[in-house]
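Colleague: Residue numbers (my numbering), protein chains in the order written: chain A, 1 to 243; chain B, 1 to 220.
Just so you know, the hints here were simulated from the structure itself, not pulled from any lab data. Note that CB positions come from ideal geometry on N, CA and C, so glycine has one too.
Here are some chain A residues pointing at chain B (derived, C-beta under 8 angstroms):
1. Ile119
2. Phe154
3. Leu157
4. Asn158
5. Val162
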Amino acid sequence: MYGTRLRALSIATLVTLTGGFALAAFYAPEDADQGFMQKILYLHVPLAIAALCGFIFAGICAIQHLRTNEFRWDLRSYVAIHVSLIFGAAVLITGSIWARASWGHWWVWDEPTLVSFLIVFLLYATYQPLRFSIEDRDKQSRYASVFAITAGAFVPLNFLAVRLAQSYTHPRVFATANGGLEPHMKVAFYVCLLGMALLYVTLWKYEMAAKNTRMQLKALRRRLGGDIVAPPRRSAQPTMESA
Amino acid sequence: MRRAVSAVLRRDLRIETRTPQVVPGMALFSISAFVVFHFALQARSVSGNLAAGVLWVTLLLAAVLGIARQFVADREEGGFEGFLLAPVDRTALLVAKVASLFLFLVALELVAVPAFLIMLLGPSPVEFWRLLLALLLADAGIAFVGTLVGALAVQSRARDLLVPLLVLPLLVPLLIGAVKISAPVFGAPVAAARWPWVLALYDLVFGLVAYAVFDFLLED
Chain A
1 MYGTRLRALS IATLVTLTGG FALAAFYAPE DADQGFMQKI LYLHVPLAIA ALCGFIFAGI
61 CAIQHLRTNE FRWDLRSYVA IHVSLIFGAA VLITGSIWAR ASWGHWWVWD EPTLVSFLIV
121 FLLYATYQPL RFSIEDRDKQ SRYASVFAIT AGAFVPLNFL AVRLAQSYTH PRVFATANGG
181 LEPHMKVAFY VCLLGMALLY VTLWKYEMAA KNTRMQLKAL RRRLGGDIVA PPRRSAQPTM
241 ESA
Chain B
1 MRRAVSAVLR RDLRIETRTP QVVPGMALFS ISAFVVFHFA LQARSVSGNL AAGVLWVTLL
61 LAAVLGIARQ FVADREEGGF EGFLLAPVDR TALLVAKVAS LFLFLVALEL VAVPAFLIML
121 LGPSPVEFWR LLLALLLADA GIAFVGTLVG ALAVQSRARD LLVPLLVLPL LVPLLIGAVK
181 ISAPVFGAPV AAARWPWVLA LYDLVFGLVA YAVFDFLLED
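Extracted from the complex, chain A is given alone in its bound form (with noise of 0.2 angstroms):
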C-alpha cells in the first residue's frame, strides 16, 4: 500500500527540487547585502518547514494511535519524526552556516526562529532513546505516542516564547518566508518550498513501505518455519506485534 506511485513521487521530487534550486540560482536575483550566501534561504527555510510539519503531522498520527489503538499510526508517527529528525540535523547545519556567512559566527542567539528549532530538535532527540528503553512493546508505542502529542503541543508554545523574548530587543534580521521577498525570489522560494514537501512525503513513505514490506517478510517467514527467525531483538521501532 506504501509502495504504490513511489516512482511517479520520486520523479515529481526530483524535478521540482532541481528546478526550484535552478530557479533560486538563476531566476532569482542576487541579495543587495549578503550576495550568494542568501542563496541557502532557498534550502534552509523549506527544510525547516517541512521538518517542523512533520513533528505536528507526528503529533496528529499519535493522537489517531490511541484513539484507535492501531499500531499503523504509531508506525506512521515513528517514521514521520524519523525523518523530521533528519531534516531538522540539516537544518541546524544549513542555518549555522547562514550565520557563519552573515555574522561571521557560528551560533548567533540573536535569531529566535533558529534558537526555538534547537530547542524542539533536542526535545525529539530524546524520542527514540524514550523508546529504546522501554521494553514492553505495546508500552512502547503508548508511551511514544504520549510524547509525540505532548511535543507536538510543545512546538508552538515553544515558538512563541522564544520569540517574545527577543522580538524587542533584536530587530527581525532577515525577511521571513512570506515577509518582504522580492516577487522573483518569492517564486523561487515557493517552488524549493514544495519540492523539499514532495522530498519529505517521498522520504516518508520511502521508510513506511520498507518497513512493512519487512514486517510482511518476518510474517511470511515466520509462517513457514520458525526455525530461520531470529529471535527478536530490542529495539525503538514499532512492530507488528505490537497491535
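Position chain B against the provided structure of chain A, taking the given hints into account.
Modeller: Relative to the frame of chain A, chain B by itself:
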C-alpha cells in the same frame, strides 16, 4: 473523585513526612548549587538578570530531582496496581501527583529562595511580589510537565537519564517567562507586562495536555 485525590495526596505527603527524601534532597541540592555558582562565577554576589538566571537554573535542576523520584515508589511498591484496581477515575492520580509535586516545590522554595537572598544576592530585593507571582506560575507549570514526564519515564530502564533530557527542553519557555517576570526583583529593568499571561498560557496548555494523555500512561 475528590476523596480519591485527597487519599492519594495524603499518602504521598505521609510517605514524605515519615521518611523525608525528596524535599530535603532538593533543598540540599539547591544550596550546593549556590556554592558551586559562587565559585564558578567567581563572584561574592550577583544581581540583575544574572541573579534571576542563577536562581531559576538552580530551582529547575532541583525540580528535576523531584520529578525523577515522583513515581518511583508507585512503581516499585505496587502503587500503580493498587490504584488501577480501585474503582476511581484515573485523573485522580494525575491531580494528586500534580498537587504533591506543587507542594514539594513550594517547600523547596521556602528553603532555596531565602538561602539565595542570604548567600548570593547583592542588592536587597524590590517588589518582591513579582518573584512570588513567577514562583506560583512556574510551580504550576513544572508540576504539570513534571508529572507527565515522571509518569512517562518511570517505566523505562533509563529513567534517571531520560527525565532531565525530556524536562529541560520542555521547560525552556517556562524558564524564559519566569526569568522575565522575576528579574526586576533583583534590579533588572522591568520586562513587558505580557509575561505572566504567557506563563499562564503555558500552564493551561500543559494542564490540558496532561489531562488528555495521562490515562494512556496507566493502562496495563
